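A.B. asks: In the order they appear, the protein sequences are chains A and B.
Take the first sequence: its position 170, counting from 1, is numbered 183 in the working numbering, and each next residue is one higher.
Take the second sequence: its position 179, counting from 1, is numbered 192 in the working numbering, and each next residue is one higher.
I should point out that these hints are in silico values taken from the structure, not numbers from a laboratory.
These numbers were taken from a predicted model, which means no experiment stands behind them.
Among the hints, a few may not be true.
Any copy, or any two copies together, can satisfy a pair, since identical chains are not distinguished.
What the hints assert, rightly or not - List of simulated lysine-lysine pairs, PhoX-like, C-alpha gap at most 25 Å:
(1) K374 with K404
(2) K404 with K298
(3) K35 with K142
(4) K374 with K178
(5) K172 with K255
(6) K172 with K135
(7) K172 with K141
(8) K360 with K135
(9) K35 with K360
(10) K35 with K141
(11) K255 with K135
(12) K142 with K374
(13) K141 with K374
(14) K404 with K360
(15) K360 with K298
(16) K135 with K35
(17) K142 with K360
(18) K255 with K178
(19) K135 with K404
(20) K404 with K255
Number of protein chains: 2
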Amino acid sequence: MQTSDDYRVPGFLANGIHTGIKTDGGRDLALIYSARPATAAGVFTTNCFKAAPVLIDQERILSGMAHAVIANSGVANAATGPEGVADALAVSRAASAELGIADETVLVASTGVIGHRLPLRKITGGVKKLVAGLHAGGIPDAEAGIMTTDRFPKIAYRKGGIGTKEVTLCGIAKGAGMIQPNMATMLAFIMTDAAIARDALDRIFRRSIAGSFNAISVDGCMSTNDTAVILANGLAGNPEIKRGSRYLGRFWELLSDLLSELARALVRDGEGATKVIEITVTEAKTHRDAQRIAYAVANSNLVKTAFFGEDPNWGRIISAAGSLGIDLPADRVCLFLEDVPLFAVGKGIGGREEELSGIMKRPEIRMRLALGMGCRSWTVCTSDLTFDYVKINAHYHT
Amino acid sequence: MQTSDDYRVPGFLANGIHTGIKTDGGRDLALIYSARPATAAGVFTTNCFKAAPVLIDQERILSGMAHAVIANSGVANAATGPEGVADALAVSRAASAELGIADETVLVASTGVIGHRLPLRKITGGVKKLVAGLHAGGIPDAEAGIMTTDRFPKIAYRKGGIGTKEVTLCGIAKGAGMIQPNMATMLAFIMTDAAIARDALDRIFRRSIAGSFNAISVDGCMSTNDTAVILANGLAGNPEIKRGSRYLGRFWELLSDLLSELARALVRDGEGATKVIEITVTEAKTHRDAQRIAYAVANSNLVKTAFFGEDPNWGRIISAAGSLGIDLPADRVCLFLEDVPLFAVGKGIGGREEELSGIMKRPEIRMRLALGMGCRSWTVCTSDLTFDYVKINAHYHT
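Only chain A is shown next, with the shape it has when bound in the complex:
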C-alpha cells in the first residue's frame, strides 16, 4: 500500500486548503506548481456551454507550456458570462503574482454548482496561504481541494524506466457524476518529471484519454467543466521522448495505465454506485458501432437498475443493444456474464441461475456482447443506478 509520502513527483509542489467555499470546512482550493515551466497538454469538455476556466485554459494550453494549476471546488464558474471569465482571470492573477510567475502560464479549473459566480474574495484571500503551504507531499491535499461529491480521493502513481532514468507519474482526479460522453464532470491533473516533446505529449495524452476517461460512464451526462491536464517538467533527465522515439511506447503504457486506474476509480465512486460493470462489445463491424452499443448498454437505466437489483436481466441488455438502429443479426448475437452464456441463437440460455446469482453479487462484473458481425471491439465501464444516485442528485441544490 502506498502512503501519501509516495505521492511525490520530483519538481512538483502542491497544496489544498479551506477558504470557505465549502460549508463543511473541507479543502476547496488546490494548487499544483512545477519548479520549472512544464511541457503541457490538455483535453477539455466538448460541451457548447463551456465554463469560464475551460475557455481560458483552451487558449493558454496552445503555448504547450504551463507552470501551475489552480482549481477550486464548490462553484463551477460555468454559465457566468464575461463576468465569470473575469473572475477566473482574477484567480489566475492572484496565483501568478504570489508565485512570481508569468500569468499566462497558470491554468485554472473549477467544479461544483453551475451558474454561480466564484466567491472571489474567499479565493484570492486564500492564495497567500495556499502558496505558502506548497510542499512536495501536498498532492493528496490538492486532491482533497478538488473533490465534490466524491466519496474517496483518486490518486494514481507510476514509476518506470525510460532509458537509464526513472520517471514518475502521479495523477489526481475528481469525478463522481456526469461521467460520459467524453469525460466526466471531471478534473484530472497529471504530473510527471519525464522529458517529453510537446507534440508527442499532446498526442499520447489524447490517445490515453480515449481508452480511459472516454471509456467510462456513470449517467451519460457531460459536464461544462471537464478538464484533464498533464504537466511534464523534464526533471527526470531522460532522453527526450519524441514522436518516433523508442521510449514513446513505454511512456504511453505508463500513462494509459495511470489514467485507467483513475478512470476506474471514478466509476467505482460514481454517484451512489454499488457496482462497477465492464461492458465489452466484440465482433462489431466498426469501432464506432462497438462503442455506440457499449454506451447504449452502459447508459440504459433499465440495465443499471437491474444490476443494482442483482438481477441478471439479459433481456434489458439485448434490448438496449438492439435499439440503436444498428442492424444486428439477432440469431448470431451472444451475451456472456463473466463466462456464463446468457443469450445465443435468438433466445435465452437457462440452467446456471445459481452461478449467475453469485456473479451478480460481486462488486465488479464483466459482461461481453459478441455481435457476430466483424472484428472490432470496445469496452466501457459503468456503475449501477441506485437509490443513492437519485438522493444525491435530487438534493444537490443550486
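With chain A held as given, fit chain B onto it using these hints.
C.D. replies: Chain B in isolation, oriented as in the chain A frame:
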C-alpha cells in the same frame, strides 16, 4: 367524467380475463374483436430483437386487414426463438378457432418479462372463456388485461363528425417504463368505426404516432414488444376517408388528439414518476436538431433527478443540451421555465426564485429552450427520475 359505459365503439366487442399468468389474480389476457373485418394499420418497435408476436403482426398487417387482437401481459414472449413464434401462432390459432375467423386476421401481442416462454396452456385454456365474455362494454377489461406495472388504466375516447355521420374512436394503452425512443414498452390498440381507406389510415396513423407516442420519454429505453395497432371497421357509414379527401384532416385531428392523450397518460404513469415535464426546443436549424436536443434534456438523469428534487437546476438543462456536438450559440440560447427566464446571454438570470420554487412543485411543468438558430421546434414529454423508478426496476425480476 366518462364512465366505462362510454367506452363503446360500434361493432367492437372486447374482454379481459385472468388466466393465471399474473400471480396477483389480475386480468392478464385481453381480446378485441370487430364484428366485421376491419381496415388495419400498425407501427412496431424498431428494436433488432423483436418479440415473436411483433414478427407475426408485421407480416399480417401487410394485408391491411384485421379481425381481432389477442394480447397477454406478464410474459413478453421476446428472445424466445422459433419456439416463441410457434407459441404466439398457437395463441392466434386458439383465438381464431374459437371466434370462427381466418387465422391470419388475428393480431397477437405480449408484454412483460423478456426471455420466458408463454405459459401456453394457461392462455389457450382461457380463450373459450375470453371469447364467451366478449361484450360491447368490455374495453376497460381488455385494458386491464394488458397492464403490467401501470398504476392506472389508460383509455381515451373521441367522437366527431365526418360528413353527416358521427365516428367514434377509443384507444387503450399500457406503458410505464421504457418509453422512447420510438414508442414505449407500449401496447396501444385503437378502435374506430370510421370508414377509411387503408393507405390513408396507415399514413395518418404513422404521422399521429410521430407527434404522440414518439414524442415522449420515460427512461430512454426501447422495448422489444412495442406495438400500436388501429382497427377501423367502417360501421359509422361515413363517406370513406381517402388520401386527398376533405375529411382526412378532421380524422387526423381526432386521432392525433386521442393518441396524445394516451401518450401523456403514459408519461404521467412513467415508472415512479411524480411529475410530467414538457420540453419544447424552439429556434433550431432543423427538426432533427430540435428533436435530438429535446430528447437529450428529457433523458438526462441529472435533469430528471433535479425535477424530482424540485430544484430549477437550469445548469443541468443547458449542459445536457450542449453535449450533443450540435454547435449552439451559447450567448443566444434562452431557457424558460413556464414563462420565467432562467438563462440568457450566456448566464443565469436570478431574482424570481420564489416563483420558480412554486412552479417546481407543480405536477406538470413546461420548459422552453430557444436556440436562436432557426425556426424549427420539437416537443417531448418526460417524467422525473425518482426513488420509485429505481425500486420498481431493481425489483422487477426475470
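A.B. asks: Could you run down the list of hints and mark each one as holding or not?
C.D. replies: Going down the list of hints, with the structure as the test:
Taking identical chains as interchangeable, the C-alpha atoms of K374 and K404 lie at most 25 Å apart whether they share a chain (23 Å) or sit on different chains (17 Å). In this assembly of identical chains, the alpha carbons of K404 and K298 never lie at most 25 Å apart, being 40 Å within a copy and 37 Å across copies at closest. Proximity of K35 to K142 under the C-alpha cut-off of 25 Å is restricted to the intra-copy arrangement: shortest distance 17 Å within a copy versus 67 Å between copies. With identical chains, the CA atoms of K374 and K178 are never at most 25 Å apart, being 44 Å at best within one copy and 63 Å at best between copies.
In the homo-oligomer, the alpha carbons of K172 and K255 lie at most 25 Å apart inside one protomer (19 Å), although the nearest pairing across protomers, at 76 Å, exceeds that limit. In this homomeric assembly, K172 and K135 never come within 25 Å of each other (Cα to Cα): the closest approach is 37 Å inside a single copy and 66 Å across copies. Within a single copy, K172 and K141 get their C-alpha atoms no closer than 32 Å, and across copies no closer than 76 Å, so neither meets the 25 Å cut-off. When the C-alpha separation of K360 and K135 is checked against a cutoff of 25 Å, the pair qualifies only between copies, where the shortest distance is 22 Å, while the shortest distance within a copy is 61 Å.
Taking the closest pair of Cα atoms, K35 and K360 come within 25 Å of each other only across two copies (23 Å); inside a single copy the shortest separation is 52 Å, beyond that limit. Only within a single protomer do K35 and K141 lie at most 25 Å apart by alpha-carbon distance; the minimum there is 19 Å, versus 69 Å between protomers. Taking CA atoms no more than 25 Å apart as the test, K255 paired with K135 passes in neither setting, with 42 Å inside one copy and 72 Å between copies. In this assembly of identical chains, K142 and K374 lie within 25 Å of each other by CA distance neither inside one copy nor across copies; the values are 47 Å within and 44 Å between.
For the homomeric pair K141 and K374, neither the shortest alpha-carbon distance inside one copy (49 Å) nor that between copies (45 Å) is at most 25 Å. Proximity of K404 to K360 under the C-alpha cut-off of 25 Å is found in neither arrangement, the shortest distances being 37 Å within a copy and 27 Å between copies. Proximity of K360 to K298 under the C-alpha cut-off of 25 Å is restricted to the intra-copy arrangement: shortest distance 22 Å within a copy versus 43 Å between copies. Taking the shortest alpha-carbon separations for K135 and K35, only the intra-copy value of 11 Å comes in at or below 25 Å, while the best inter-copy value is 61 Å.
For a Cα distance limit of 25 Å, the shortest separation of K142 from K360 qualifies neither inside one copy, at 64 Å, nor across copies, at 31 Å. Proximity of K255 to K178 under the C-alpha cut-off of 25 Å is restricted to the intra-copy arrangement: shortest distance 16 Å within a copy versus 82 Å between copies. In this homomeric assembly, K135 and K404 never come within 25 Å of each other (Cα to Cα): the closest approach is 30 Å inside a single copy and 42 Å across copies. With identical chains, the CA atoms of K404 and K255 are never at most 25 Å apart, being 48 Å at best within one copy and 53 Å at best between copies.
Of the numbered hints given earlier, the model fails hints 2, 4, 6, 7, 11, 12, 13, 14, 17, 19, 20; all others are met.
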